[in-house]
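Enquirer: Taken in sequence, the protein lines are chains A and B. Sequential numbering of the first sequence, starting at 1, is according to the UniProt record's numbering. Sequential numbering of the second sequence, starting at 1, is according to the UniProt record's numbering.
Heads up, simulated SDA-like pairs for lysine to any residue below, C-alpha to C-alpha not over 25 angstroms straight-line:
1. B:Lys49 <-> A:Thr12
2. A:Lys92 <-> B:Thr77
3. A:Lys92 <-> B:His69
4. B:Lys49 <-> B:His64
5. A:Lys139 <-> A:Thr73
A few chain A residues facing chain B, derived, Cβ under 8 angstroms:
6. Lys6
7. Arg7
8. Ala93
Hints are computed from structural coordinates only; laboratory data are not their basis. Glycine residues also receive a C-beta, built at the ideal position from the N, C-alpha and C atoms.
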Amino acid sequence: MASLPKRIIKETERLVLDPVPGINAVPHEDNLRYFQVTIEGPQQSPYEDGVFELELFLPDDYPMEAPKVRFLTKIYHPNIDRLGRICLDVLKANWSPALQIRTVLLSVQALLASPNPNDPLANDVAEDWLKHEDEAIAKAREWTKQYASRK
Amino acid sequence: MLVEFTKVYPVFSWSWDIPGDDNTEKEMGDEDLCGICRVNYNGTCPSCKFPGDDCPLVMGECNHNFHVHCIQQWLDTSTAKGLCPMCRQPFSLKRGVAINESQIDKLANLLIQSQPAVLNDDQDMMMEQEFVVR
Numbered sequence: 001m002a003s004l005p006k007r008i009i010k011e012t013e014r015l016v017l018d019p020v021p022g023i024n025a026v027p028h029e030d031n032l033r034y035f036q037v038t039i040e041g042p043q044q045s046p047y048e049d050g051v052f053e054l055e056l057f058l059p060d061d062y063p064m065e066a067p068k069v070r071f072l073t074k075i076y077h078p079n080i081d082r083l084g085r086i087c088l089d090v091l092k093a094n095w096s097p098a099l100q101i102r103t104v105l106l107s108v109q110a111l112l113a114s115p116n117p118n119d120p121l122a123n124d125v126a127e128d129w130l131k132h133e134d135e136a137i138a139k140a141r142e143w144t145k146q147y148a149s150r151k
Numbered sequence: 001m002l003v004e005f006t007k008v009y010p011v012f013s014w015s016w017d018i019p020g021d022d023n024t025e026k027e028m029g030d031e032d033l034c035g036i037c038r039v040n041y042n043g044t045c046p047s048c049k050f051p052g053d054d055c056p057l058v059m060g061e062c063n064h065n066f067h068v069h070c071i072q073q074w075l076d077t078s079t080a081k082g083l084c085p086m087c088r089q090p091f092s093l094k095r096g097v098a099i100n101e102s103q104i105d106k107l108a109n110l111l112i113q114s115q116p117a118v119l120n121d122d123q124d125m126m127m128e129q130e131f132v133v134r
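Excised from the complex, chain A in its bound form (with noise of 0.2 angstroms):
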C-alpha cells in the first residue's frame, strides 16, 4: 500500500491529542485508513446516554473523496437504515476537501440531534416519524437503551 499521506498522519494525530468532545475515533493498527469510531448522543435527544459505535474509512482518493461512514452500533433513525448507512449532505454531494474527519463526525452527531424525516434513507422510519412523532422518539429511546448502553 502507498504510504500515508501527510494529511491523513496529521488528521489522526489532532483526533488523538485533542479530541471533539463525545466523539472518539481510533485508527485501526492493521490499516490507518480505517478507524473505529464511537459517537455519544448529543443531550436532550432521543439518543442521550448512548454510546454509538461507527467505522469511518478514507478511500484512496481522500480528500477529494468523502470518508465512507457507517453505524454499526443498531440505532432508530429517520437518516440511518437498517445498514447503518446514512443519508447526510456531507458524505456524499456536499462533500469538499476542505472538512476533514472530525467536521464529518460533527455533523453525524449533529444528525442525531436534529433527524430530518423529509429526507428519508429509512422509509418506514421516517414515515412512523412524520406521522407519530412522540412514538417514534419513544422507539428512538428505546433503541438506544437496548442497543447503544455504555458497556
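Go by the hints and put chain B onto chain A.
Expert: Structure of chain B alone, referenced to chain A:
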C-alpha cells in the same frame, strides 16, 4: 584589526508572493496551509517532491489559496461542481496576481467543463480546442 573572509555561504529563502498576506484579516489558527492537502503554501502538494515552480500556488477570486495540483484534482471530480472547497463559490483564478499568471490558461480549461468527465491529458488538449472553436 584585519578581517579576511575565507569562505562565504549565502543563504536564500523564498516564499510565494501572496497579495494581502500581511493584513490582519487572518483568523486565529488559520495558518498558511493549502485548504486541500493542509501542507504549507511553500511546501509541495502530496504528489510533488520539490516546492516552488514545479508545484505552484494559486489564488482564487475568493482569496483562497491552493497548490495548483490540489485544486486541479478537486475541480476534476464530479462532486466539485466547479466550486471552491473553502467557501463553495464558483472557483476562478484571481486576475492580476503574479503567481496566477502562468496557470490561468491551464486552469481555464478545467473550469469551462461544467460536467467534468474522466479525461487523460491528450483528450484534455482536444477539449480545449473544441472550446476555442465555440
